[in-house]
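> What follows is each chain in one-letter form.
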Amino acid sequence: MNAPGKTIVSLRDVGKTFENGTVALDRFNLVVGDGEFVSLLGPSGCGKSTALRLIAGLSAPSQGEVAGPSSAGKLGFVFQEPTLMPWADVAANVRLPLKLAGADNAHSHAAAAQALNRVGLAEFAHSYPRELSGGMRMRTSIARALVTEPELLLMDEPFAALDEITRFKLNNDLLDLWQTLRRTVIFVTHSVFESVYLSRRIVVMTPRPGRVFAEIAIPAAYPRDERFRTSSEYAGFCRTVSEALSQAMAGGVS
Amino acid sequence: MSARVLRIGLPILTLGAVLLAWDLVVRLFAIPPYVLPSPLLVLSTLIADRDLLWHSLLVTLTITLEGFALAAFGGIVLAIAFNQWRLLEYSFYPYAVILQVTPVIAVAPLLLIYLPQPLAVLACAWIVAFFPVLANTTLGLNSVDHNLIALFELYKASRWQTLWQLKLPAALPQMLAGLRIAGGLALIGAVVAEIAAGSAGAGSGLAYRIAESGYRLNIPRMFAALLLLSLAGVAIFFALSLLSYLALRRWHESALTRES
Chain A
1 MNAPGKTIVS LRDVGKTFEN GTVALDRFNL VVGDGEFVSL LGPSGCGKST ALRLIAGLSA
61 PSQGEVAGPS SAGKLGFVFQ EPTLMPWADV AANVRLPLKL AGADNAHSHA AAAQALNRVG
121 LAEFAHSYPR ELSGGMRMRT SIARALVTEP ELLLMDEPFA ALDEITRFKL NNDLLDLWQT
181 LRRTVIFVTH SVFESVYLSR RIVVMTPRPG RVFAEIAIPA AYPRDERFRT SSEYAGFCRT
241 VSEALSQAMA GGVS
Chain B
1 MSARVLRIGL PILTLGAVLL AWDLVVRLFA IPPYVLPSPL LVLSTLIADR DLLWHSLLVT
61 LTITLEGFAL AAFGGIVLAI AFNQWRLLEY SFYPYAVILQ VTPVIAVAPL LLIYLPQPLA
121 VLACAWIVAF FPVLANTTLG LNSVDHNLIA LFELYKASRW QTLWQLKLPA ALPQMLAGLR
181 IAGGLALIGA VVAEIAAGSA GAGSGLAYRI AESGYRLNIP RMFAALLLLS LAGVAIFFAL
241 SLLSYLALRR WHESALTRES
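Heads up: the sequence lines are chains A and B, in that order.
First residue of the first sequence: 1, per my numbering; consecutive thereafter.
First residue of the second sequence: 1, per my numbering; consecutive thereafter.
Here chain B is said to cover these stretches of chain A; the calculated rule only asks that three of the stretch's residues, wherever they fall, bring their Cβ under 8 angstroms from a Cβ of chain B:
hint	stretch
1	50–58
2	82–88
3	91–100
It is worth saying that the hints were derived from the structure and are not from the lab.
Where is the CB? At the ideal position from N, CA and C, for every residue including glycine.
Bound conformation, chain A alone:
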């Protein structure tokens, strides 16, 4: 799959074996270009979260090479849970990355306000996480990841715990953000429908050990909206991806 523009992330023959002997990734290859929206799709336990943590530098590969943005501000990470500090209000949570980097107050306040604006939470800057709904907490988490204006956004099943209505809304908002900001997104999910709706490219993974089974391009034009979600084109892509996923789960390593 030819990635447009310069390469942002590359993983070459990466293996990851945990201390307990579990082989999470084996000869895993991935190249992501600037401005792409790539989904890693697979069942739980296929090492997709592990791949994301390797890219983020949160863990080191056992074999192979991982190359990606290395400085702290160039990378945003959205966890499966909102992962907010419950003792700090929304604005303080969003400001955290800048505060840790030692940015001056005026700059960090302005940047946090802008990031909150982008996710539609400007009015909730002084609420505490527990006062927010699940969707709003996830928006806060996304705002925090965006506050440093990273070139790469890593998302680890961010919407898995949300109800469908909220998930669809956040899917649309994420696509809007991606189109406005033109950042690279690597999105981990176990939902075929979500991956097809969002991605330009889907990497289907096999479980135990995690390997790339297939890469499927979704050439549908952006912006994508509810009309795309109900189109036969979308249904067709979903069928293709579903079949690839079933084969990957049957253990067929290509």
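Take the given structure of chain A and dock chain B to it, following the hints.
What follows is chain B alone, placed relative to chain A:
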């Protein structure tokens, strides 16, 4: 609303009933005051001996608060040190446990031999109060959300930043729970040491008054001093609960009322 009235009203009603029964028993069976004084006699003793008892209360409270403050400081600092340097934890934690599990009443006489009496009392208060602070703060520091730790790592937070901005605030609920236990224990430690010092002690705390009144068969004063001790314990508990509530009310589940 009515639940609240019941929660405050019922204990008061119970107290009234118990006091009434107590008074009736003393009158009906004509129990002499050196066996069991009536509640009114206890109250009048409290008023008559107010200067003496007030002074003793202040002595005990001072020791308790000093012991508590040292325990809070020592417990928190030690917990942070253990958290930052594992080898330190391995080296000293077992001895902290030994210090805790050895009954303080058995340690007090030894301390009274080696230390001047006020210092021995303070040491007792500290020994019993510091462990819950240490244990709870350690638990709190070790149970920080792993994803939040990963997040701080991702943004290359320094060790110091992780401690101040993540671990300590995350440990605050457990730390406050430890302090709440320590407040009551500091009072117990002070009382135990005063009792152990007994008549040999030059101190004049409430526990010393109780022991002294016992020797003199001044039972009403024993009751009056006991009442003050109990009120002091309740006051310490409420003060620390209030502190905990004020610190956590915006964010921690324990300080929030559930909406039904």
